[in-house]
Structures are given as C-alpha cells and as structure tokens.
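Residue numbers (the numbering used here), protein chains in the order written: chain A, 281 to 748; chain B, 2 to 244; chain C, 96 to 332.
Think of the hints as simulated: they come from the structure by calculation, not from any bench. All of these numbers come straight from a predicted model, not from anything done at the bench. A portion of the hints provided could be inaccurate.
Estimated spans, in silico, between C-beta atoms of each pair [claimed, not checked]:
#: 1; chain 1: C; residue 1: Glu207; chain 2: B; residue 2: Arg69; range: 55 to 63 Å
#: 2; chain 1: A; residue 1: Arg671; chain 2: C; residue 2: Glu157; range: 25 to 33 Å
#: 3; chain 1: C; residue 1: Gly210; chain 2: B; residue 2: Ala35; range: 55 to 63 Å
#: 4; chain 1: A; residue 1: Gly455; chain 2: B; residue 2: Pro106; range: 40 to 48 Å
From the derived model, a few chain B residues whose C-beta atoms are all more than 12 Å from chain A [said to hold, decoys possible]:
#: 5; residue: Thr36
#: 6; residue: Arg42
#: 7; residue: Leu53
In this text, a Cβ means the ideal position worked out from N, Cα and C, and glycines have one as well.
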Amino acid sequence: MSDALLRTPFPERAGAALQDRFLQEALRIATTKFIDLRKESFAGFPQGEALRDRAREIKEATLQHLDVHLERLADNVERVGGHVHWATTAEEAREMVLRLCRDRGVRMAVKSKSMATEEIDLNEALEHAGVTPVETDLGEYIIQLAHEKPSHIIAPAIHKTKGQVAELFSRELKGSFEADPEILTAVARKALREKFLQADMGITGANFAVADTGTVVLVTNEGNGRMVTSLPRIHVALMGVEKVIPSMTDLVVFLAILARSATGQKLSTYTTLVRGPRRAGELEGPEEFHLILLDNGRARQIASTLREALYCLRCGACLNVCPVYRQIGGHAYGYTYPGPIGILLTAMLKGNESVRELAHASSLCGACKDVCPVRIDIPRMLVELREHLDREKIAPWTERVVFRALRRLLLSPTAYRLSATVGRWVQRPFIRHGRLRGLPLVLGKWTRTRDLPPVAARTFRERWKELS
Amino acid sequence: MTGRAEFIERIRREVSKTPGLFGASSAPRPADAATAAETVRRELAERWPGALERFRVEFERVAGVFHRVPDLAAVPAALGAIAREYDATSLVTWDPAVLGFDAAPALTRGGIEVVAARAGAEDEAARLRHREQAARARVGVTGADFVLAETGTLILLSGSGRPRSTSLLPDVHVAVFGRDRLLETLEQVGIMLEALHVDPDRAMSGATINFITGPSRTADIELTLTRGVHGPKEVHAVFVEAP
Amino acid sequence: MITCLGDMLFPEVGVAMVRLLRRLGVQVEFPPGQTCCGMPLFNSGYHHDAALVAARTVRLFEGAEHVVVPSGSCAWMVRTEYPGLLKHDPALRAAADSLARRTRELSQFIVEVLGVTTIGSPFRGKVTYHDSCHLLRGLGESASPRALLRGVSGVELVELPGADECCGFGGSFSVRLPEVSSSILDKKLANVEATGARCLVACDAGCLMQMGGGLSRRGSAVKAVHLAQVLAGEVEG
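Extracted from the complex, chain A is given alone in its bound form (with noise of 0.2 Å):
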C-alpha cells in the first residue's frame, strides 16, 4: 500500500470506501456468495467439525517443533536437488531472488498467486532490476495491469466492474474486447499463454511444504500454479516458515478444508504436488527449483499473543463474514492482508504501530472465529493486540485517561449514582421527543446518525425500593 494512502486516518479511508457504490454492491455480492458457498459446503460435511479441530491441532503441533520440521524439509528438498534459502527479512528475500535473476540472466518472470510475494513488494523490486514480472492468475493479471493491489486474499478483483476489465484489456493489450467474463477471459488465457511458454522463470507461493518429503503444494483454480511450475527453466517459491506441515497425512488434513472454507468447493480445481526440479526422466519440469524460506517478523510471534495468527492458512473465510470488511472492502485497510486476519498479520509483519487504528476496526462480533478452518480466535487476539497498545503507550493519551476515568467511576458505588443525576442534567437541551440527538464531542459520532436513549428519569437502582 501506497505511504500517500496510509497518511490518511484509516477512518477516512473507510469512509472513502463506503461512498464507493460500486465497491459497495461488489463486496455484497461476493461476500453473500462465498459465505453460502462455504456453509452449503459445510451442511454436507459432517466430518467438517472433527477436521477443523485436526487441523489446528496440527498447526500447533508443528509450531511446538518448527525448527525441526524446517530443517528436515530443507534436507529433503536438496536430497532432489533442489535448493533452500533462508530470508530473515523482506529485503533478504528479494535480494535472493534478484541475485537469481542476475545470475541466471533471467529477463521476464511469471508468477502463480502468491501473497508472500505482495507482502515484500517482490514485483517492484524486479521491475526496478529490468526483470518484467507478469502476475497469471486473472485477478491479479487485471490488478497489475491497472497498478492496483488485491482487495481480497482469494479474489483479488473483486471491486473492478467487467466494464472496467474490458476497458483496461483493451487499452494495455491494444485490442478492442466486449465487457464478457468469457470474452476477457480467453483474452487473457491467449495472451498469458505466450507469456508462460516464454518466461524464464516461475514464481510461486506455497500453501503447504511437506517437511517429510520436500513437497511444496499449491493450490489453484485456474491452472497457472501447474504453468509457472513445469514450463520455465527456473521454479522460486516463496513461503512463510509457518506455512510447514509434517507429513502427507497431514496434509490431506487441510486438503479436505480448505477450498471448502475458501470457496466451498469439495477441492480447487488443482493441488499440485511439486518436490524439487524435474527428474532425470522427465520431459518437461524445471531445471532448477529454488525454495525461499521467508521469516519477515513471523519467528517472533511464536512466543507472542499472536501465535495462533500463525495457523492461518489464508483461506479469505473470515473476510467473508466480517461486518466490517463487507462494508469496507480490503484496500482500506491499507496493507498486504485485509480483513480481520489481516489486522493481526499487519501487527505480526509490521509492529504494533502500524495497527494503532486497525485494531479497532472490529466489532468483535466473532463471525470470523467460527469459520476459520483452523478456529483462530481472532477477537480475543484483537483484544490482547488492544492492550498492547494500551501498555505499550501506542493509544492516544486522551483515550487512555478517558478510560482511566472510567474505571474509577465504576470502581466507586457514589460516584457512579452521581453520574446518572448529572448525566440528566446535562442532558436536558439535547432531549427531543423523548430522545437524545446532536450530542457534543464523542457522543457526537453516534448521534450523527442514530438517537440515543436519555439516562432515565429513575435509573433501576431508584426504582428497585418500591419493587423490593
């Protein structure tokens, strides 16, 4: 995300997002749509529950001994010939795979979905190095074509218009195409496949690494993961340490999941399964294949809050339900992951800072605690996320002596009788109909838009005598 953009309060960007009634009408659909999906998928899955909870346990358990897993995953993935990087930091990574470039004189680079990529800005820093990088999964073929960064983890175009679509394709591919979904897509099929056969390397995510046998495993819809990995000469994926699971046991585990919480089919169209360079007997496959290990703020979690964070396996089923993504969309958010996952991840990647406001940009209603597939209970993160900041001194000194205050009130039987003969006091000019409206200040904020109900005239505790 653009510093322009984070310059302005997050309230602001969400209320820029709120005016947008295209975005509006988009994030209702889609949104509408993955959520039936997923629980229709679900209703016919009585095995979903028990999976679930494998799932996490797995996730915890390969956290317990991660270092262990990485190390025997790294073994096996240079057992096939394959070779294994170690990137710290965001930079690291991106030098890593600039220094592939340089070396291997690689011009032109496609790329299969891959958020660890956004999250180091891998693109710009290949632009900047004379390498072309070209995005194929459709969404975000369309969102690099229009200099734009995804607002959903799964379906990245989500707030662009088929009109919009046909416009831009017309306008980069020099053609003139008809705003259809089919239209557009063979479209882009024709002109990715030149690019694909092409390209001197292939870039990709990993959903899973398997530590047991060196198995990277990718998940998609559309057949791009299965092109960038078999055709050009070199296969970089990209992957956060978390993302590793111990054996093939496990992983059906989270197959079985997965594309069910995401999209609410039974599997993705395709999971391909790549362990290292082609083989000697093969035809086609990679000559080299290069794993970059990618820690980026994530090692330090693991004795955090945020632990649990490192469980998710971004499946966007939270961003589905979030009352507040589904009005906001991801880009007001402002960061590589949207969405109540992605507040965490941002303070995870980023520091606390960085969530200063995002943090409370949650109801806590908890929808998304009940359909992630690996039960992260996100609120409760987002409320120890909330004392940090309180401790750490993040929130605004105002607010911390507003709710100081606060509690001493509530601490204080006299105090607080006291407030409610004053609150009806102080009231009095604002009472409408029995209601009060244009409050001052912070209350301000709620009557702007709904009334609220006076103190009453007796508060329970003074009627409580002739009840009793």
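Given chain A, work out where chains B and C should sit, using these hints.
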C-alpha cells in the same frame, strides 16, 4: 544473507520460550505405509463399483464428462469420437507403454495426428519438439494414477513418458483408467501418498503429482464462472470395464 | 445483575425482568453496589482496569445462588473472561470461577434452570429476533430466546434474514468508527423492516441501543424491545 544455522537457531530459541497453547500432535502416519496401501487396494477391489458411481456423480458435478468402454481395445475409438466432437486434428498422449494402449494406428487412419511422449528420449531437441506439439494439440490423453471418488478428482504422477503438459496445455484433457485406480476418500489418498514416498525415487520417475478436479476455472471477473483460463476447458474420464 | 446500560438507560427492562422472574416463583435480590461488568474496559484493552472492576463485582455477588443478567455480552464477560482476568490471585480466581458457574443470561436461566418455555404474556404481534453476537457465539445460545418467544401464544415469530449478523454496535466501535457502524446498522435495519414485524426483539442492551437508535432516527414504526419486556407483557403501545 542469513545462513541456515543462524535462521534455525532463531526459530529454535523462540520455540523454546513457550510450551505452546495446548497439548497437540500431528496426524499419526501409518506405521507401515506399504501394508496400509495394500489394505486400501484390497478393500477397493471389493468396493470399486460404489466408488466408481460416486466418482461419476462428483466428476459430473465439476463439469467433467464421463465415458465407459468395455476394454482397452475400445479406447482408441472412444478417443476418436471425443476428438471429432471438438474438430481436433491433433492429439498428444502419454507413452503407450504407460497408457496400456496405442491410439495412434486407429486415429491416424481417421486423419487425426497422434503425438505420443516416449520415455527415455529426453534431450533438449526432444524437449522443444514435445513442447511445440503439446501446445498445438487440441486434445491431451493421459492415464490416471488414482481416481478419487469423494471429490471427482483425477490424480496424475508426472514422469518418464507421462509429461505434465499433456493434461495442461490442450483445450481438452482425457484421462483413461480402470477399476484398480479408484479410491474413496482423501484419507485413503493420504495413505497412498505416504506409500509412494517410502522410496520415492523408485516409485516415481517425476517431480510432480497433480490433483485435477474438473476443468480450469475462475470467477475473478464479477464472480462470473468461466472455464479454460489457463488449463483445459473440458475434462473427460474414460473408464475401462475389463479388469 | 442489572448492567450499567440497563440501570441507566433501560430501567424498564430490569423492572420487566424482575416482575417476570417473580411471577415464575423466583426470589429476586439486587446487590445495591453493582455498577458495570467492566466489558468496555476489557474490550478496549484496559485489562488491568477491567480486572479491578471484576474483582469488585465478584465479591458483590458472592452470596447469590443464581445471578441473572438481561444481557448476553455481560453474561459472557462474567462467565468467560473474569476467571482469566483474576488468575493471578487464587482467592479471586476461585470466586470468579464460582460466579461464572452461577451466572446466566436471562433466557438461558428461564429455560435451563427454571425449565420453562411457555410464558403467559398478554403481548400480541409479529416480532422478529436478532441474535446478539456474544449471546450467539460467546455463549452458544440461539434456541432459548426463540423458544420463549414461540411460547407466547400472541407472538408470531418471523425469522430475521441475517439474524446472526452483527448490528454494528461493538461497544466503543460504534463511536470510533461511526460511519462503518452505521453502515452495518443500515443493512441490519433494512432486513428488520422487510420482515414486517411490529417489534424487534433482542437480549442485549447494547444491540437494542444501536438498533433502537437507528429505528427511531429513521422514524420507523418498528420498536426495539428486550425479550423480558415481551415476556412480561410490558411493551408500550
């Protein structure tokens, strides 16, 4: 640049700071994967008709087209019919030794060019030639190493004589399989994957395993579902009755 | 436990609840020193402060056999969060565990402890029910309020589309991000008005404040009322 030891040490240090959130263990692997796989095969040898029917339903649910032929000898004719349906003039196939049948004689007679991958011919020239042919062919014919009923999924191992592009570049993908490939559940797939990796370099001649569930698809533009984004637009499965 | 919002802004809910419980044969006491469960402090991250309030509340209700709360979120706070907040003091922790066991939201108390689902109430009319987030997801409760509503012969219960969707209150969220909160509310109220119900029923003062405030601002004929008021037959108009 961080070296392996330093990177791992950092993680190990963080891991040792906490016992974790709760007692947890990963999924138990089969104690003897080969025997477990054998057990699955035995069970499916009995239950294959039910699995086949379930596969057909799920495969069609993801827009797959299902065919049945009595024996291997009948396969080329079925392929010819599919090819003609798409006005295909060129077909690319896995090595006939891998497939168990050779479609070339019958189809070439019918005017359809058949290019078969050959195991053991992997020089740079052969690579380039194959890529060009695969990109040109309208139909790609493969076998299937496992066929998963629960989800309507074809599972293909890449390798010698079984290129990846055959099921990826052409507009139409046809997979031919017999009853011995059927599996019922993802859990059984897990067992088979464990078994394959006990001695992976002996069990597999390639580096990838592809699960294919219907044609390539996307809903990235206004959530409208379209097929054939990068991979095939159509997927056909041909079941050969005779064991 | 009457709750701060209940005490100050919705005393009629507390009154209805007391009258209702007495009719069901329950002896009702009101520890006079009670203020608030401390959830606003907790949710905004002021945990040390919330713990102080929790400690006081726990002692206040020590003698009660059952603690009944006309609010899903407050009941959730006491049952789920108090023990953790007070974990550093063994005596307080034990008291918190005890209080958690004895505390229930009103509809849960009536159905689970009293074993009652049919309540004779003079209320007549079409109502629709909103699932408050903390009652639904925090306490796993969606059946008891509906059973109680259906148990009133004059009630026609219409299911609210998106009943389980947040109303947008979220405590301080409603004034930290008022536009987002209102936008979420608009969606909820559109669903409410589409049901044609006369009353919108909920079991949480926060939700009622948000939804009632929106309904009254748009001059809607729909009244936002608490379950206790319907059951006690104390809905005005």
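Cross-check of the supplied hints:
Remark: the range hint 55 to 63 Å for glutamate 207 of chain C to arginine 69 of chain B is upheld by a beta-carbon distance near 57 Å. Range check, arginine 671 of chain A to glutamate 157 of chain C: about 30 Å between beta-carbon atoms, so the 25 to 33 Å window is met. Taking 55 to 63 Å as the suggested C-beta distance range, the pair glycine 210 of chain C and alanine 35 of chain B conforms, at roughly 58 Å. Taking the beta carbon of each, glycine 455 of chain A and proline 106 of chain B are about 43 Å apart, inside 40 to 48 Å as hinted.
No beta-carbon of chain A is positioned within 12 Å of the beta-carbon of threonine 36 of chain B; the least distance is around 15 Å. Arginine 42 of chain B, annotated as away from the interface, keeps every beta carbon of chain A farther than 12 Å; the closest lies near 17 Å. Every CB of chain A is more than 12 Å from the CB of leucine 53 of chain B (nearest about 18 Å), matching its label as outside the interface.
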